[in-house]
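Asks: Here's the letter readout for the chains.
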Amino acid sequence: MSQDAFTPSTEALSLRDRPEPVSALSAVSTLAWRAMLKIKHVPFQLVDVTITPIMFTLLFTYMFGGALAGSPDAYIQFLLPGILVQTILFITVYTGVGINTDIQKGLFDRFRSLPMWQPAPVLGALAGDLFRYSVASLLIIVLGLILGFRPAAGLTGVALAFLLVLLFAFAISWFWIIFGMLVKTPESVMTASFVLLMPLTFASNIFVELGTMPAWLQAVVRHNPVTRLTNASRGLMHGTPVAADVLWVLVATAAIIGISAPVAMRMYHRER
Amino acid sequence: MTTAIETVGLVKTFGPTRALNGLSLTVRGGSVYGLLGPNGAGKTTAVRVLSTLLKPSAGSATVLGLDVARDAAAVRRKVSLTGQYASVDEDLTGHENLVLVSRLLGMSWVDARRRASELLAAFGLSEAASRQVRTFSGGMRRRIDIAASLVTRPDILFLDEPTTGLDPRSRNQVWDLVRQIADTGTTVLLTTQYLEEADRLAERMAVIDHGRVIAEGTSRELKASIGGNTLRLQLANDAQRAEARALVARLLGGDVLTDSDPDTIAVKVSDAAAAAHVLGTLWEAKVPLSNFSLGSPSLDDVFFALTGKPPEPDGVAGAEEAAS
Numbered sequence: 045m046s047q048d049a050f051t052p053s054t055e056a057l058s059l060r061d062r063p064e065p066v067s068a069l070s071a072v073s074t075l076a077w078r079a080m081l082k083i084k085h086v087p088f089q090l091v092d093v094t095i096t097p098i099m100f101t102l103l104f105t106y107m108f109g110g111a112l113a114g115s116p117d118a119y120i121q122f123l124l125p126g127i128l129v130q131t132i133l134f135i136t137v138y139t140g141v142g143i144n145t146d147i148q149k150g151l152f153d154r155f156r157s158l159p160m161w162q163p164a165p166v167l168g169a170l171a172g173d174l175f176r177y178s179v180a181s182l183l184i185i186v187l188g189l190i191l192g193f194r195p196a197a198g199l200t201g202v203a204l205a206f207l208l209v210l211l212f213a214f215a216i217s218w219f220w221i222i223f224g225m226l227v228k229t230p231e232s233v234m235t236a237s238f239v240l241l242m243p244l245t246f247a248s249n250i251f252v253e254l255g256t257m258p259a260w261l262q263a264v265v266r267h268n269p270v271t272r273l274t275n276a277s278r279g280l281m282h283g284t285p286v287a288a289d290v291l292w293v294l295v296a297t298a299a300i301i302g303i304s305a306p307v308a309m310r311m312y313h314r315e316r
Numbered sequence: 002m003t004t005a006i007e008t009v010g011l012v013k014t015f016g017p018t019r020a021l022n023g024l025s026l027t028v029r030g031g032s033v034y035g036l037l038g039p040n041g042a043g044k045t046t047a048v049r050v051l052s053t054l055l056k057p058s059a060g061s062a063t064v065l066g067l068d069v070a071r072d073a074a075a076v077r078r079k080v081s082l083t084g085q086y087a088s089v090d091e092d093l094t095g096h097e098n099l100v101l102v103s104r105l106l107g108m109s110w111v112d113a114r115r116r117a118s119e120l121l122a123a124f125g126l127s128e129a130a131s132r133q134v135r136t137f138s139g140g141m142r143r144r145i146d147i148a149a150s151l152v153t154r155p156d157i158l159f160l161d162e163p164t165t166g167l168d169p170r171s172r173n174q175v176w177d178l179v180r181q182i183a184d185t186g187t188t189v190l191l192t193t194q195y196l197e198e199a200d201r202l203a204e205r206m207a208v209i210d211h212g213r214v215i216a217e218g219t220s221r222e223l224k225a226s227i228g229g230n231t232l233r234l235q236l237a238n239d240a241q242r243a244e245a246r247a248l249v250a251r252l253l254g255g256d257v258l259t260d261s262d263p264d265t266i267a268v269k270v271s272d273a274a275a276a277a278h279v280l281g282t283l284w285e286a287k288v289p290l291s292n293f294s295l296g297s298p299s300l301d302d303v304f305f306a307l308t309g310k311p312p313e314p315d316g317v318a319g320a321e322e323a324a325s
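The listed protein sequences correspond, in order, to chains A and B.
The opening position of the first sequence corresponds to residue 45 in this note's numbering, with each subsequent residue numbered one higher.
The opening position of the second sequence corresponds to residue 2 in this note's numbering, with each subsequent residue numbered one higher.
In case anyone wonders, no lab produced these hints; they're calculated from the structure.
Mixed in with the good hints there might be a few duds.
[As the list claims (entries may be wrong)] Result set (DMTMM-like, lysine to aspartate or glutamate): computed pairs, CA atoms no more than 25 Å apart in a straight line: (1) B:LYS269 <-> B:GLU217; (2) A:LYS228 <-> B:GLU91; (3) B:LYS79 <-> B:ASP156; (4) A:LYS149 <-> B:ASP168; (5) B:LYS56 <-> B:ASP68; (6) B:LYS56 <-> B:ASP72; (7) B:LYS287 <-> B:GLU244; (8) B:LYS79 <-> B:GLU204; (9) B:LYS56 <-> B:GLU91; (10) B:LYS224 <-> B:ASP239; (11) B:LYS56 <-> B:ASP210; (12) B:LYS224 <-> B:ASP177; (13) B:LYS269 <-> B:GLU197; (14) B:LYS287 <-> B:GLU217; (15) A:LYS84 <-> B:GLU91; (16) B:LYS79 <-> A:GLU64; (17) B:LYS224 <-> B:GLU244; (18) A:LYS149 <-> A:GLU253; (19) A:LYS84 <-> B:ASP112; (20) A:LYS84 <-> B:ASP68; (21) A:LYS149 <-> B:GLU91.
None of these values were measured; they are calculated from a predicted model.
Full structure from sequences and hints, please.
Replies: Dropping the structure here:
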């Protein structure tokens, strides 16, 4: 009862000193702060996306490791750089889910009616996503180290691989932003992610060597961007960098951002 | 007084649907103005155009002299919008939501936190400050949403159906709040499908239907436009019924209405003086009354008279929803 009794004072309602409009940088950092708070308040999203890769890592290492690579210890050297790729790619979908939820809840209406740099809500959300990718990556790498993963290129190699995967995930996030703005419900985004990401990550060389597959499948898998990224990640972590793959990933990243970022921003400004 | 909002022949189309079809409005600064109409009439579309979320297809709309299409950024600095759905982040706490908006309006972290606490206190939400908004009741959500629109005092506040879905007590709280906001000098444009709401809050109102204004004026003017007041008489002694009817008919020229209540005599009178005259005449003729009432026509009556159909209380999903 007491909570509902209120009489706002006229002073409280009439703050007249309108501050100068927020700078673009402050707007983005404030909205990134909001994304962090969401992770803090709803940690389930983070748990949800890391449980599966942790399970996969344990399952594949100990159940199939012996069969696939002779021993679990040998297999995790092969698996971990790939599992990192899969983990992060799966999390990218939450960018789309988040954007879609914000639109459906009317939050973007408020943002769009505020006098601020208009791309800020999208960039702020992306900053939060990058944080989420980083936390998940760290978890997977630490788990790998516990299970016996020993990257030949040491910390530097792991860091470089992590940065490359992060960059590629950032590009894919833009794709999900577009998708999140296209569909009606967050559930549709999740469904689409399953349909798209499952084949992409499994028809790759994350779990098994390319050479073990039938020729026709090799042709497909070889051109899967996930394979390229996994090759690059493996090469960097184990000190056998494959320059062609790293370059390919960088070019693909630039191309995806170059196309989807302008499209996404145009759609953001579009009327709803 | 200055003009706060002016639209001339405003048109907004969504594909084949004309959500606004030549809407012309003039809203005086410093007033509460009601935009009244059934679902799908174009109320939400009008508010979204005026708050720069939609661009007009044709016609013009100016807010405080600024064109909403050409000077959108300048308009955004002067207006606040509280949409139909609570546009706050449900995952964040009440305090965090208000800090977020304060920051995005350009305040420092320190000022933003202070302003958030101040607003929570002012809106009776201090105890819920550290709770996630998803745990809030409907009335509390509405209040935090309105609070977010008042972080800095806007020159114009758009409230899109501020009380839809609220229980009567929360509705009364929002009504008090709207009056207080208006007292600070902010012009309030509110849309509603509740005729009572417009009647209570708005000094002037426009009744809109199919994207255009079908009537405009004060509540009193709108009511007067469909005829005078209704005087209802209840006789102390039912045996005098015929006598009383004859007397009233002679006095007012035969305008005795049939009423849903057979015990009462209902009659149209032009004003309170005419009603007093009827009462006096009955008194002198020794026809005692047990009760009487003088009622003005409700806005439901107005809407019915203007459109030939009753307003839809929980409306059919109209073109507005389908299109936006």
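Asks: Next step is simple, just say for each hint if it's right about the structure.
Replies: The hints, checked one at a time:
no.: 1; hint: B:LYS269 <-> B:GLU217; verdict: 23 Å, holds
no.: 2; hint: A:LYS228 <-> B:GLU91; verdict: 19 Å, holds
no.: 3; hint: B:LYS79 <-> B:ASP156; verdict: 5 Å, holds
no.: 4; hint: A:LYS149 <-> B:ASP168; verdict: 21 Å, holds
no.: 5; hint: B:LYS56 <-> B:ASP68; verdict: 11 Å, holds
no.: 6; hint: B:LYS56 <-> B:ASP72; verdict: 11 Å, holds
no.: 7; hint: B:LYS287 <-> B:GLU244; verdict: 10 Å, holds
no.: 8; hint: B:LYS79 <-> B:GLU204; verdict: 22 Å, holds
no.: 9; hint: B:LYS56 <-> B:GLU91; verdict: 28 Å, violated
no.: 10; hint: B:LYS224 <-> B:ASP239; verdict: 32 Å, violated
no.: 11; hint: B:LYS56 <-> B:ASP210; verdict: 20 Å, holds
no.: 12; hint: B:LYS224 <-> B:ASP177; verdict: 24 Å, holds
no.: 13; hint: B:LYS269 <-> B:GLU197; verdict: 22 Å, holds
no.: 14; hint: B:LYS287 <-> B:GLU217; verdict: 44 Å, violated
no.: 15; hint: A:LYS84 <-> B:GLU91; verdict: 13 Å, holds
no.: 16; hint: B:LYS79 <-> A:GLU64; verdict: 12 Å, holds
no.: 17; hint: B:LYS224 <-> B:GLU244; verdict: 31 Å, violated
no.: 18; hint: A:LYS149 <-> A:GLU253; verdict: 45 Å, violated
no.: 19; hint: A:LYS84 <-> B:ASP112; verdict: 23 Å, holds
no.: 20; hint: A:LYS84 <-> B:ASP68; verdict: 42 Å, violated
no.: 21; hint: A:LYS149 <-> B:GLU91; verdict: 9 Å, holds
In terms of the numbered hints stated before, the structure departs from hints 9, 10, 14, 17, 18 and 20, listed from lowest to highest.
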